[in-house]
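As they're listed, the protein sequences go chains A and B. First residue of the first sequence? That's 1 in the working numbering, and the numbers climb one at a time after it. First residue of the second sequence? That's 1 in the working numbering, and the numbers climb one at a time after it.
Just so you know, the hints here were simulated from the structure itself, not pulled from any lab data. Predicted, not measured: the structure shown is a model, and the values here were computed from it. Heads up, some of the hints might be wrong.
Identical chains share a label here; the pair holds if one copy fits it or two copies do between them.
[As the list claims (entries may be wrong)] BS3-like cross-link-like pairs, simulated, lysine-lysine; straight-line CA separation at most 30 Å: (1) Lys-40 - Lys-116; (2) Lys-46 - Lys-116; (3) Lys-46 - Lys-216; (4) Lys-216 - Lys-59; (5) Lys-101 - Lys-196; (6) Lys-2 - Lys-40; (7) Lys-231 - Lys-255; (8) Lys-59 - Lys-2.
There are 2 protein chains.
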Amino acid sequence: MKNLCVVLVGTRNPLNVGAVARAMSNFGATELRAVRPYEKAWREAKSAVGAGELLARAKEFANLAEAVADCSLVVGTTAVGNREMKHPLRGLEEGARLIGKRMETGRVAVLFGSEKWGLSNEDLSYCHWLMRIPTRVEHRSMNLGQAAAVVIYEVGRRERITTEGAEVPPRSQRRGEKTAPLNPKGAAPKMGKREKLAEMETVERIGEALLEALRKSGYIAARGEATAEEKLRRMLRRFSMEAADAEVLLGMVRKILWKLDESG
Amino acid sequence: MKNLCVVLVGTRNPLNVGAVARAMSNFGATELRAVRPYEKAWREAKSAVGAGELLARAKEFANLAEAVADCSLVVGTTAVGNREMKHPLRGLEEGARLIGKRMETGRVAVLFGSEKWGLSNEDLSYCHWLMRIPTRVEHRSMNLGQAAAVVIYEVGRRERITTEGAEVPPRSQRRGEKTAPLNPKGAAPKMGKREKLAEMETVERIGEALLEALRKSGYIAARGEATAEEKLRRMLRRFSMEAADAEVLLGMVRKILWKLDESG
C-alpha cells in the first residue's frame, strides 16, 4: 500500500480530511496529499487531537500537476451524474484490480474532489481514467470520508488477495476489454518484471513541450487553447507510456520545438 | 438488500447516525434500527436537513432483543482488541458471503456498537458470530460511519456478484470450516429451497423458557444467573435452528416448565 497516494482536491471540511486520514491508517495507506485545500480546514484537521503521524506528514500542493508528478497512474473518483464523460469509466472492483497491478511498479494517485463539486473538468484532464463506486442510481453521491474508506478498503482487499496467494476472482469482461498479455511479444508477463511506466512529471513535460510546438506551428489558435490543452493532456495519459519511451518522446518533441524556435 | 437490518446500539453522535443512513442509501439498504440511542443524537439526526425517508422510517428500540426479534441471523461487528472472544470470528469477506446467503431466506441484523465502547458483552450474547473489518493491527478501530459504509458495500458487492450470475470467488477454508452441503441428505441445495431459519424472537422465547426451567430445577443458582443467561443465549444461537425445529423445541421446553411448576 506504500505506493498508493490519496489526493484530496479542494476539500472543505476538516472532519472529512480527518476521516480520510483515519481510513487510510485503518487500511495501511500512508501517503496523503492535498491540492488547494481550504486553508482553515487543512490547519484544523492537521492540529486535531489524535490526527497522528499520517496527517502530520501530509503534503499540500498548489496544483494537481505537482501533487501527482511522481505517480505513473492517476485515477479520478466520481459519482458520475450527467457530466459528459470523456474518460474511460471503471467500476470500483475492476479499478482496484488495475490500481493494485500498477502499484507493483510505481506510485498510483487516487483523487477525491471537493464535497460540493467533485473533481473539475480540469482536474479530470490529469486522470488516466475514472472509477465509480457502485452506488444506487437514485443516490449516487457519497460522503467523502466514506467514499475514501470504501475505495481504500477495496484496493487493500485486492492487495491482500494477491499477497496471500489466493485466486483473484474472474472478471466479467466489460466494455469489450480483452485480457491481452501485458507483454505484447506473447510471453506470459512475470510479476515484478513489468516495465516501469512513466511518471506524470515526464508526461506533463511532454505535454507542455508539445503544446508549445503546436502553438508555434499554428496548429492551435490562441482561442480554444484551454480546450486543446485539456484534450492533449487526456490523450497523453491514454497512452500509458513506459518511462523509457516517455524520455525518448520528450526528446523528440523538444527537438521539434527547438527547430520551430530556430525557424520562427 | 431489503433483508439487511443495520442496527446501531448506543450511538452517541448524530453525525454518525446520518453517515450510516447515507451509506445505506448509497448501497441500497433500507432498514435502520437503533437500540438505546442517545435521545438528543437520535432526534438531531432524524431532523437533519436531507435526512430523508430512510431515517424518517428508522425505528428505535429499548433493547436489542426486540430490535433483532424478526431476524434469523445476528452478526456483531468488532474491531477485536483484547476482548476475550467467546464467538466465532469471521473476516468481512467471508462474513458478507454468509450474510448474503442468509438474506435469501430471512432477515439479517448487522450490529454496530457505540463509538466509544463498541458492543458490550451482553450485546454480543445476542450474536451468532462476529465479523471483523480487516483493519491494521496497529489501528483497528474505525469511524462508525466508515465502518458501516465498508460493511454495507461488501454485503452489496456480494449480492451484485450473485445477482449478476458472475462467479463468487473461491474462499480459502478458514478455521477448519468445511463447505458441507446445506442439505445434509446429500442432495445439492437449490437456491431459494433452503429451510427458513428461526427468527430471534422464537429463539429468545426458547431461551427464556429454558432459563426458567433450569432455575426451577436448581441447575442455576441465583448467583451467577446473569452469566448463565448469556451463556445460554450464545449456545442457542450457535444451533442455527430452522423455524420449524425451533417451534418444536419451544413446545418441549414449555412442557418441561409446566411439569416443574406442577411438581414445585
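For each hint, the structure was consulted:
1. Lys-40 - Lys-116: both (17 Å within a copy, 28 Å between copies)
2. Lys-46 - Lys-116: Classified as both: same-chain Cα gap 21 Å, cross-chain 22 Å, threshold 30 Å.
3. Lys-46 - Lys-216: neither (45 Å within a copy, 61 Å between copies)
4. Lys-216 - Lys-59: Neither: 36 Å inside a chain and 67 Å across chains, both beyond 30 Å.
5. Lys-101 - Lys-196: within (12 Å within a copy, 42 Å between copies)
6. Lys-2 - Lys-40: within (28 Å within a copy, 42 Å between copies)
7. Lys-231 - Lys-255: Answer is within: at 22 Å inside a copy they meet the 30 Å cutoff, but 79 Å across does not.
8. Lys-59 - Lys-2: within (15 Å within a copy, 43 Å between copies)
Violated hints, in rising order: 3, 4; the structure is consistent with all others.
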